[in-house]
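What follows is each chain in one-letter form.
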Amino acid sequence: EVRLVESGGGLVRPGGSLRLSCVVSGFDLNKFSMNWVRQAPGKGPEWVSFISRNSDYIDVAESVKGRFTISRDNAKSSVYLEMNSLTGEDTAVYYCARDPWGGGAGFDLWGQGTLVTVSS
Amino acid sequence: YAFAQPPSVSVSPGEMARITCSGDALPTQYVYWYQQRPGQAPVLLISKDTERASGIPERFSGSTSGTTVTLTINGVLAEDEAEYYCQSGDGRGHHYVFGTGTQVTVL
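Chains as they are written, first to last, in this note's numbering: chain A, -10 to 109; chain B, 27 to 133.
Keep in mind that the hints were calculated from the coordinates and are not lab data.
Heads up, a few of these hints could be off.
Just some of the chain B residues that point at chain A, by a computed CB distance under 10 Å [to be verified]:
id	residue
1	Y56
2	P83
3	F86
4	T90
5	T126
Small disclaimer: the values here were computed from a predicted structure and weren't measured.
Glycine residues also receive a C-beta, built at the ideal position from the N, C-alpha and C atoms.
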């Protein structure tokens, strides 16, 4: 079965940090570019960050630039999102999502999401 | 920036539902459609304007006309009640831009 499983979310204070993980199974991560997409409560999805198959190209949304860093370890079938200087506006469910079209297209597979709550 | 979608569409079971997504860049960008039920992750319905994703029922279809793309649900079922989002590029280097979302209510 093809799956993406996120973890690492939780309650964090403003200014704090979190590291999210996404472990994939059922397919070869080496062959796919990956993304993080978030969804604030009651809002639509918002793309956060992209990483190419071999990490040679990374893109980050303006709203998180300089604070969030995406990375991957294909040998561990994992994608990560390091989040620093968190604010209340970062409160959201964070999804790992696969783009099978090489990047800049859409998402054919999503994880179940992990909730990040930024609050004092 | 987000592509414009109607906030809500109401339809009776068995009828047709049409959800539009509008944006100036859409004639030059592929559009993807997602269904999201409450508490669940989005699910890809349509890729590249008109291609139904694997396992998606034939009652879901996509079409384009200029700056507007449309998701059509033929013969709506109660299980189709959900939020629907379009997603595309804005033609200015931003590739993963979502629409404002449409809540489909099955009466």
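Hints versus structure:
no. : hint : verdict
1   : Y56  : 7 Å, holds
2   : P83  : 17 Å, violated
3   : F86  : 15 Å, violated
4   : T90  : 15 Å, violated
5   : T126 : 6 Å, holds
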